[in-house]
Structure formats: C-alpha cells, structure tokens
Amino acid sequence: MLKNISKENIKQEKEILKNLFSNIDNYQSTLFNAGAGAGKTYALIECLKYIIKKYEKELKIHNRKIICITYTNVAAKEIKERLGNTELIKVSTIHERIWELIKIYQKELVEIHLENIKIEIKKIEEKIEIKKEYRDKILEIKGNFYSNENLKSKEYRKKMEQLGIPDGLLKNVNNFKILAKNIIKVENYKLCIQKIEKNEYKEITYDPLYNSDRLYKMRISHDTLLKYGYLIIEKYSLLRKLIIDQYPYIFIDEYQDTDEKIVKIMNLLDIESKRINNPVFIGYFGDYVQNIYENGVGRIENDHLELKKINKIYNRRSYSEIIEVANKIRNDEVNQKSIYTDSFGGNVEFYKGSKEKLEEFLRKNKRIYNTTKNKPLHCLLLTNRMIASFAGFEKLYEFFSKSEYYSGVNYNQLNTEFLSNEAEKMGEIPRLLYRIMRFKNKIENSSTFLKEIIIIKELHERNIVQLRELINLFSLQKVETFLEYIDLICKIYDETNNNDYKVIIGKIFDIKEISAQGIRSYLLESLYPNLEDKTEKIIEIDDILKENINEYENWFDYIEDNIKSDIIYHTYHGTKGLEFENVIVVMENNFGRDKDYFKRFFKYYNKRDKLDENDREKFEKARNLLYVSVTRAIKNLKIFYVDDISEFEDEIKKIFGEIKIF
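Residues in the sequence shown are numbered consecutively from 1, following the UniProt record's numbering.
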C-alpha cells in the first residue's frame, strides 16, 4: 500500500499550489496540466478553498460568486462533497451553468433564436425544388402524412395518390418523405417566426433530460444551448461585463473534454475584463492527453491566448511500474513520478493471445487476484459488442449497431450515445428507452419518494393520492417483455383522467403519440430515416420491443453502474476518472471503423512526424485512449492483445517490456 511521502516531494507539491494561488491573487488566467492520478481535483479544491479563506468577506460584501464548471454530474457531485457547504461556489456541469448565465436574457435569446431559424429555413429551402401547388398540397395533408408513414411503400404510394399527391413526386417514396418533412419543418419554422413577431412566443426553454431541438416549439438541445451561449455573450458586451462583475473567479474542470465554444466564451470574458479593467481569473484544470471524447477541445492554447502554464508531475495513484509505462505512452513534456518513496512493487505484463482464449485468461486472473464481488477484477474492453455480451444486453446492442443511423455517419457515436452513464451524452434515441426504464426502476423501488418520479414543476394536490394509486398499479402487474411494459404504461395513460400522470408520461415519452405504435414509429423514423421499404425493419423493431425486459434491465444497470460481480466490464471511455487495484486491458488493432487504430499508434510510436495531419490526429486519439486506460490501474496491469502484432513488436517492447504468449 502506498503511504510514505518524502518531505522534499511534499515541499515541491506545495510549491505548485503556491504558484496556483499566486496566479489567482494576480488574476493571471492559468492552464493547469495534471496527468492521470496527479491529484488534479485536489488542486482544484484547494484553489477554491484558498479563495474562500482569503476573499470570502470581500465576495459577500459585493455579492459575488465563484463558478466551477465540470464535465459530468458525477464530477460536480464529488467536488460539492469535498468542498462542503458553501453558497459562494456554484458547481455545475457546462450546460447547466451556461443556461443559468443566459436564461434570464430571454429577449436577447429570442432574437438569436429568430436569426437561427431564418438561417435553418434558408438551408432547407436551398435543397427544396417544388412547385408551390405541390408544397401547399403536402401541407394540406400533413396529418395524413404522419399517420400513414409506416405503411409499406406500395400502400403508402397508393394512399398519397388518393390524397392528391402527383405520381411524379412518389417515384421514390423515401425521397418524397424527406421532401415532405422538410416542407413541414419550414412551415413550422415560419409559424414560429410569426408567433415570435406577434409576441406570442417570448421564451426559449431547455431541459437537460431531453437532448433534442424542437426549434419551432422554442426548445433547444445541448449543442444549440452552447451555440446560443456563445452567440449571446459574443454579441452583448453588457452581458460580458455582468458575468465578470458577478463571477470574478471561473474554474473549468477537465478542460480537454469541454466544447470549443466554452473556451471561446472564456477567452471573450478574459479579453473583456482587460478592456474594462475589471480583472477575472479563469483556471483550466485537466490534461490534453486525456481528451478521449469526440467533441472535446483537447489543446486550448489557440482558443484562449496568454494562459500561464503549470504542470503537475507527481502521481498519487499508481505504483511506479505503471507510471513508467504511462509516461512512455504519452511521450511528452509531462513526465510523471510517484510522490511516494515506497512506490515500487507494482506489476505490468503484456500478453499476446486470441479472442477465443480471453475468457480462459480472465478466469485464470480471477484466481490469481482472488476476486470477489467486494474486490472485483476490472476488465476494459474496446468493443461495445463484447461489453454488451458480457453484461447481458447483446441483442439490444446489435439492434442499435445495425441500424441505418448508427451504421452511418454516427457510427463512432454509438459508444458514447448508447453506453454513456451521463444523461447529457446519451443519444436522443437510447435516451427514450432509458427514461422508460428509469421510470420502471423508480416506481419498483419501495424507498423511492413520489417527488423522485414526478418530473413536473407543479403537482395538483387533489391528484397526489390518485397518482400514487396509479403508480402502485405497476407493482401489481407482471410483465415479460419491454413491449408489455409500454402497453401497461399506455393503457393506464388512456384510461385515467389524472392529468398529472398524463404529463409525467408525456415527458417520459416526448414523442408525437403516447403508445406502443408511437414508439415503433419513432424508432423506425429515427433509426432508418432514408430507407424506402421499411417492412423488414418494422419486424426487427417489433422483435426488439418483444425482447425479454431483462435485456433492457441489464442495459439500464450497466448505465447506472449497478452491476455486482467478481469481474466488472468497462468500455475504455467509461473508466475516465476511475481507479482500480487490478486491471486487465483487452486490446486489438481496430476500433470502430478504423482498422489500424492501435496498430498505427505502435507502428509510428517514435515516428509520428512522418504522419500527415489526418493520421496524426488518429494517432493522438489512440494514444489518449490507451493512456487513459492503463492509468486506471493502481498496482497490477495486464494487457491482453488479441490481434497480430508482428509488425510492431519492437515498439510494444519499448513501452511494455517482454511480450508473453497465452
């Protein structure tokens, strides 16, 4: 167990903190790079405590606060717990904080929204070429358009012809559907503009649980929120002044994962503060080598200028053997060393094996480490399919992975959108299933309070008793499949006159039609937007909805991190910020559609300058993901590589040492 720290190391670590404190005192915006296990969160907490201790009285007198923006809700919760109770520090996720900063400026937001809708209309109309009479006809029958969209192509074409759509527009049914949807969307946008101009629409809404734009209904998604946040802060200098005046200290946790627009917002504030001579401190805490998400900004020096850099080299997590390997992987200016003097005694081993032998390898290591449910072995798997198979929701994963939506341009997003344990990162389509399973989980838990189920601002007192009675009905019904559970929800929805229940279920479903058919239609149109004959896919959707509800529960438990076993399976991405005593990382050459994902990293380990810009970016992504994965280990790390490594054995040996055969 790591416990002995030299006085010299403690002294140098404290010196790093003093440098941070000095930058805070001098309002010198700072980039604090801390490798894995370096105590980045500890340093962040200490900075926050320092400000409170030194400037609390001044902050209270002027009614000023400190902002701390995190990437996940889990991180926000951890910081709040470690800080203790204080009203001076506002800790929240990126989206929550940006919304808090801008939501009171509804007039300005609506102006930006209006301009955005006009831009969207222009984009769509540039793609639409159709006579006005045909456009008018489509708008005239739009109700029938949606109610008939699940018909087979032949039946659909016949129905549309009966409604007056010219045969020429129906030669390709799928193209017609896309055309009609765009025409209807433009019409909805134009109606929205009219309502804004008549002052009927006065407010933009945002709900973190519903990551989808309904622009014509004045509702925005996570991405649009950040876009509007940047636009409104860029446009209005008064807003920049107000933010600076109210929040003189702003901290960004895990800066490498944040959106580029957030960094640009901070740069605007920094520039404004200098212009008006009202200082602000902006502190970025993180590590660019741990940027593993698609939308993460990574390096920020080009987006926020004149930052003072501070690097933290001490590692408080891992044994020296693991730190040495991690340093070789990142291969940059941040060369970590353990803060402990008794840090030797860890173990790193690299094995060449095969997928067929993986389970045998895991069984052997469970015996070696004497694993139990309270002391599990942690196994990192690169492919989502393997995770789903081991965790018991393989059929659900297969269904999503084979869909048009996730096999197209969004292929690489399946990992994040389907397996994310953060609501903000989960995709819109899996999130619908998640909300339904969350509802099921809450109402079946006897310790759940009614207020945890209710997701509406106001509940009519007269309906509380009836609502509880309705919810209790679920515990009396036994269902075998997910479809049966949907049918149960909708049956009660149709039969009850309790409006609060209807609002709750409406919020959970958030689709046009609250029914099993509504779910089918939503999945069909969302997952197969460009498919002309959807007959086969309707059958596949029915099959997955009729799947045993245990499949969905296993997925939900994985998302919620509720799995109890002597071996826990993780995606590489899902372990960010975590640490485990014993870790096995299963590697292969390819990841997603990139057949040379790790192969490229090892082949060009010391030759990255020979790569073009595109391949260098891929190289860095692989390096970052491998670095994050191996640095989860505290003491014991084993790599199990399941593909041919003959082309880059020497490079592997430079990093991991001896290659063993299993």
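Hints were generated in silico from the structure; no laboratory data involved. Please note: incorrect hints may appear among the correct ones.
What the hints assert, rightly or not - Quick list of in silico lysine-lysine cross-link-like pairs, BS3-like style, CA-CA up to 30 Å:
no., residue 1, residue 2
1, 122, 107
2, 537, 564
3, 122, 54
4, 127, 103
5, 355, 366
Going through the hints against the structure:
no.: 1; hint: 122 - 107; in the structure: holds (23 Å)
no.: 2; hint: 537 - 564; in the structure: violated (35 Å)
no.: 3; hint: 122 - 54; in the structure: violated (53 Å)
no.: 4; hint: 127 - 103; in the structure: violated (33 Å)
no.: 5; hint: 355 - 366; in the structure: holds (17 Å)
Of the numbered hints listed earlier, those contradicted by the structure are 2, 3, 4.
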